[in-house]
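S.K.: One letter stands for each residue in the lines below.
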Amino acid sequence: MPYTPHTEDDIRQMLDFLGYDSVDKLFKDIPAKARFKKERLLQPGISELEVMTLMKELSAKNKTVDDYVCFMGGGAYDRFIPAAVDHILSRPEFYTAYTPYQPEVSQGTLQHIYEFQTMIARIYGMEVANASMYDGASALAEAAIMALHTTKRKKLLISSTVNPYWIRVVESYLYGFDTEIVMIDEKGGETDYEDLAGKLDDRTAAVLLQYPNALGIVEELQKVRDRITDAKTLFIVMADPVASVFIKKPGDCGADIVVGEGQQLGIPLSFGGPYLGLFTFREKFIRQAPGRIIGMTKDRNGKRGFVMTYQTREQHIRREKATSNICTNQGLMTVAAAVYLSLMGKAGLREVAEQSHKKAYYLYRQLTALPGIEASYPDKPFVNEFSVTVKGDAGALKAYLKKKHFLAGILLEHQYPGKKNELLIAVTEKRTRDEMDAFVRECASFLKEGGKK
Amino acid sequence: MERLIFEYSEPGRRAVGLPRCDEQMESDPRLNRYVDNRLTPLPEVSEQDVMRHYVSLSTLNYHVDKGMYPLGSCTMKYNPKVNETAARLEGFSHVHPYSADEDIQGLLALMFDLEKELKVITGMDKFTFQPSAGAQGELAGIKIFRKYFDLKGEKRTKIIVPDSAHGTNPATSAMAGFDVITIPSNRQGGVDLSALEEAMTEEVAGLMLTNPNTLGLFDKNILKIAAIVHEKGGLLYYDGANLNACMGLSRPGDMGFDIVHLNLHKTFSTPHGGGGPGSGPIGVKEHLKAFLPVPVVEKKGRRYYLDYSLEKSIGKLHGFFGNIGVVVKAYVYVKKLGTLGLREASRMACLNANYLQKKLRKKYHLEYDRLCKHEFVLSGAKFKKYGVRTLDIAKRMLDYGVHAPTVYFPLIVDEALMIEPTETESKQTLDRFVDIMTAIAEEARKNPDLLHEAPLTTPVSRLDEAAAVKEPDLVYKGDL
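Just so you know, the protein sequences line up as chains A and B, in that order.
Counting along the first sequence from 1, when you hit position 286 you're at 288 in this note's numbering, and nothing is skipped either side.
Counting along the second sequence from 1, when you hit position 121 you're at 126 in this note's numbering, and nothing is skipped either side.
You can trust all of the hints, since none of them are fake.
A few chain B positions that, by computed beta-carbon distances, are all more than 12 Å from chain A:
(1) P189
(2) H235
(3) E236
(4) H292
(5) K305
(6) E316
(7) L371
(8) S384
(9) E447
Covered, in the sense of this in silico footprint (three residues per stretch, anywhere, with C-beta under 8 Å from a C-beta of chain B), are these stretches of chain A:
(10) 48 to 55
(11) 86 to 99
(12) 104 to 118
(13) 319 to 332
(14) 338 to 348
(15) 383 to 389
Simulated from the structure, these hints should not be mistaken for laboratory data.
Computed from a prediction, not measured in an experiment: that's the story for all the values here.
Ideal Cβ placement from N, Cα and C applies to all residues, glycine included.
Excised from the complex, chain B in its bound form (with noise of 0.2 Å):
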């Protein structure tokens, strides 16, 4: 196991060192007793001891360019390098937030470009970079539901989400003061229309809802269910998790929806950074275009500015203007794709999910068989009388060098395991991974303990989750 960084530490030891401060500077006197004189106890390294144990730290993950990661409603695709390569031009990177627009024309027509590109892939009217994740993203979204209906007058107290809505959709629900009404999904996986019906009412704010939904099947009531919602005043919120399923192929803006977000970090290709940082930028259709969060950005003639003047925003989310190096990438890709490449690259994500979900739907068992979009849910349920559960299967998938999918979600399919291969994966890829999950359901039956026992090959072996919360040790309590 790799030491602690605070194990590397020797007294006096240093690694960075500052240019020499002149003498006559002093510190001011009326600072004195509010000064610490104490150290900070941190680190004492040299720079070859941090840059071995990050080295070694890095060793010790799993990760894209390492090897597939079929994690469902996660779109763990390819990274591309030109994307890191173009954010960190100092153009982007060394500039001040408070720079004026004068300093910052390169960037502001950066996000002009790709809020036009993005408009034409969602069919929405107007976007605001600020969220810095698809979670925050759907709390602008909720807080203009919000703002609309008290501006209106309206006392509008819920919203409605299906059983196999992401956790962060109830979640943010309850972040602007709204009750969560769940509402079961039909046997087709989609919206139960009758359900709906009865429970959208005039209390209701609207609906939350991803399409496809997180069994990657698309609603095909989809212009039903905006019907239902809309007839009774109500506003439809797309959870853009699953984009990468239509690109170029079916808007959201003409499914219904009125606001939408989009996970950069998702279907844009920038990379998860191991939880971050992402970008959850939000669309709205024109009847919101003056809830967005401040600034947005404008163009007047030729010149490019940062417009604060929306009278009924929700103010801001974020303390400037959101995770802008993250847009900044995604903007390459979408350039050298073009929204042709970006159709090509869902039209390709749902061949590569069909693909695996007819190969494995015999071998483990597909609770709802018919054509997917961009991921589809399997059940590891048929297992169970080995004594195998879902978690054992994908503990053993890391033994083989594959990520474990997504698992236990959504909720609705018992025995989750829910697959997302991308498109960036090739069918040779898919055939190796069908190999390894028809090997594990062979295992399953014959040696279910070595199941149990997985992962043997991975650096520790499954841990003890309990024993860090009844013994929680959250910091290193060491001296330094």
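This is chain A alone, in the form it adopts within the complex (with noise of 0.2 Å):
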């Protein structure tokens, strides 16, 4: 199908130049062993208008949060997207622009980055925010460099509450280093503060939490950060951005390096990705940081301007020295996440992360009132997102409740292999009583079934 926009004549006049009589011979120094030669291999295109109808079946072929209630989170929330964030990322002057290399013609991109770096830094009460990474658990796993580089120790702390997924991607940036990762235990869902004290020492590089962490409960991040009493150990949080304008900031408690998944910002699900990575940290940390940093300066005529700034960690300039590898990031939904964070403006965003913790905690009192179900952490505090446990057979509640129409959340068991029948339940402002109320419905009645349906 047409892609190229060569005419027959400008391609014999653009050989004629060359002085060649076909296109094939320009490939002439390919050895004949290296050439590809199964043409029976290739095949046509189709055209747009054939791509969009087999574009539309695929998309048909998959059940799409709208489809069902959706009480799904785990680090991926289905939250309200104003209208106008997909407007400013349909611009072409946003979407297909390159990297900034060349700021005099990039200051969109660029005075947009500096924005988008001073509403996160904000949002975690921290100095300064990079250009971002690829997603949270990237994110989580450079910072876990960040700080074995910085201090130069070998030792790291990940506390058992954070997502066991994420722990894998850290685990997979670190293979190859020598690094020991040591496992802080959990008890009765949050992070075992006496656990963590007994294994910090002096070669703990970093402390790792999630807040609120994977079982949605809040952690006491002063707790921990009372704990760590060496000063070079560095405390690393992975946090909510939404949950980050409700409860303490993470860097109002001490962190020194705080980290997220950024989804929950105006950026559609699209099962897993496109997300976006937050990365802030303390400034005087900046030499160590990942990621590109945009910096406001002058030009020439002393006019207001952009530039990309500390290039020299970066991989173009400092190859193996580099502070990190990556070069291409999460542009356009920075571009997302600005946008809706402006739209939301201080109080709409607030009012999000409200409204989704007392819908939370409406739903859980009413849940935690059926017989059959009790809270799995009955003590402890949560946003929006909080486990149950059944009593009797979790996943047949789920699939019992998918026939319902509604996507109950995600079985612990699965990331928890002790976490038998926990249903980790997540809430945002999208969910209204009555879904919430006829959900508790359909639970009961299965329950009061004796979980046989």
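Since each chain comes alone in its own frame, lean on the hints to assemble the complex.
M.R.: Dropping the structure here:
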């Protein structure tokens, strides 16, 4: 199908100029054995009309969160996205631009990232943010590497209450390094602070925590901070950016590096990506930080402008001595996040967080009032995600609810083999009382039948 | 200059409201002591403020839909609009990553089919879409190097990278704990075989290479290179940044590579987004399948599923499955062009590059004067005597309404200008580009100060990068 603009006449003229009689001759320097000769394996394309038909068919074979009532979270949340976000993302000035290596013709992207950095740093109560990482999990991994470099130590303490999939990413990133990863126990749904205290020593590069944690519980960041007595050990928190405008900010609780998954900030679920890795830190660590950082400066006429700065940390300059190999990051997703944050604004984002909490607490109370369902961690506070323990087969309950068009949540057993029949339920501002009441009714109905449905 | 969004802010202004929350719903009293009663200082603006702000900012950007982007190694080809429309279908964009396999059969079928097409194009045996960009694909590949030798019980501590390689190659090697050996290029711009033979010992895990290389030259010795590396038990990694030169013409799998990464945001027409999101799937040969990050997509009967069972897997590099929204766009491109169309894209990309190379080689300087593939590297060194540097030439190009090429890279060419026109520029556009480059060469001789002052027509003139480091201003500090 037409993609290249060349007419036959163009091609002939260009070949004449080059002194060749066919385009094939341009490839005569490829040795015969390295040439691809299985012509029969190559297929022609189809028209745009046919492509869209195919794509609609494939799309229709997937179930969306709108086909259900979604209580599924675990790091990806079904939140409201104002229409203006996609209108701005659809501007080719943003989405077809390259990385801003030529700042004179990239001020739109550069200024926008400066604003993005500001908003993310403010959400976490931190001093500096970078221009993004691939996703929350890789941001956490890069934070761990940054701590190892900064402290020149080799031991990491990771709480068992960090999402196990994300821990797996950290482990994969660190594979090949001489690093000792020590897990901190979980106790009653939160980090076992005494176990942490026992495992901290003067070889510890960093302590890694999630806030609220993978079970939805709000960790006591201050207790962790207080236990880190060695001045060199860094405190890394992977924090929910929406919760962080409602509960105490990790930056205010003494975190040195705060990272997060930014999907909730105006980015569609898209089967897990593209999402957005948020990465913030104390300014004193800037030379060890990974990724691009944008700074404000002036042009030759004294006019305000923005540039990529501290580039001597990066791979295109430092090569094997770079702080990270990251090059392309999640540029356009930072536009989504900054537009979302501007639209929701100071009061709006707080309302998103508070409403989600109140709705989650409402559902929590209704569900745990049912005989057959109890709170997994009854004395622990959560923001908008909580775990309940089903007396009986939680998997069967989940399957039953799916037939009734509810995505009931995540069976924690998949990630925590010891957590049998625990269901992790997330509630966002999108859920209504009617939906939650219907969900509770269906749970009650299932349990009344003794889980035999 | 456009104001900062923070400078639009007025206390009490709102852009978006939420449905009213049921009065009976209250906060959990257990949470009280964790609540921060202060509001986070974010902007307070109207929707119209936001639109005007971002539309104003957008006008300050150069982009593919505005004009030519001859950025070497970046493959800034046109991004078809149907890609965008298709990726926004709700069956792709509104799917939760923890969905059950039965609810994502369309997505899995798409990934499976795209993998099939990529296998044809690359000659590899199995793919994962998990890496989010080329550099993360490299990371996946190099972790596989590491695990492969660990499981074999071989202690290999080094990786060889040519001096013409992308900066991500050595940076990635370091991220898997390897020491980097840099080997020089030969006089044809390819890998120096004797240097490779000398460096390739049993302490070396392998070689990272792109072919054609960053000079845009196809390395004729590629099969010998592969043999040297394999003879010593090493692995060969293909940096796919330059695949746009040889789709359907020469496959990394047939050249002897064991692992390849592709840049869907270069070769497969998905947009760069001002620096991402990209997608950097990697493909491996049969003997490395079990090392891929999990999960991979498999098919049993008519049912597709996510397979987590790879016993030697390096683990996970992404919280979920990668930048799938980008993968969807690349799929649309591949289906629309077909693999035959992909070959045609590479043929026209190389025709364009050779045409420009021959038109410009006398006006500038061409260090490696031979048939190129999809890109070529000029040198601006001959203008040094007028006090003009490559940077000045690049900045002057902005005044003429084209984006600058990749400059000062690869490092082996003095005052390098690396030009990749891509297949989507017409002969007429290329001719205008030649006129511009000719005019600039003329200006460099006659009016070097004009180039020193350039750019003169852009929203800002040259920026003080040193001041940005000396007095860092990385976030807005005003009150809101």
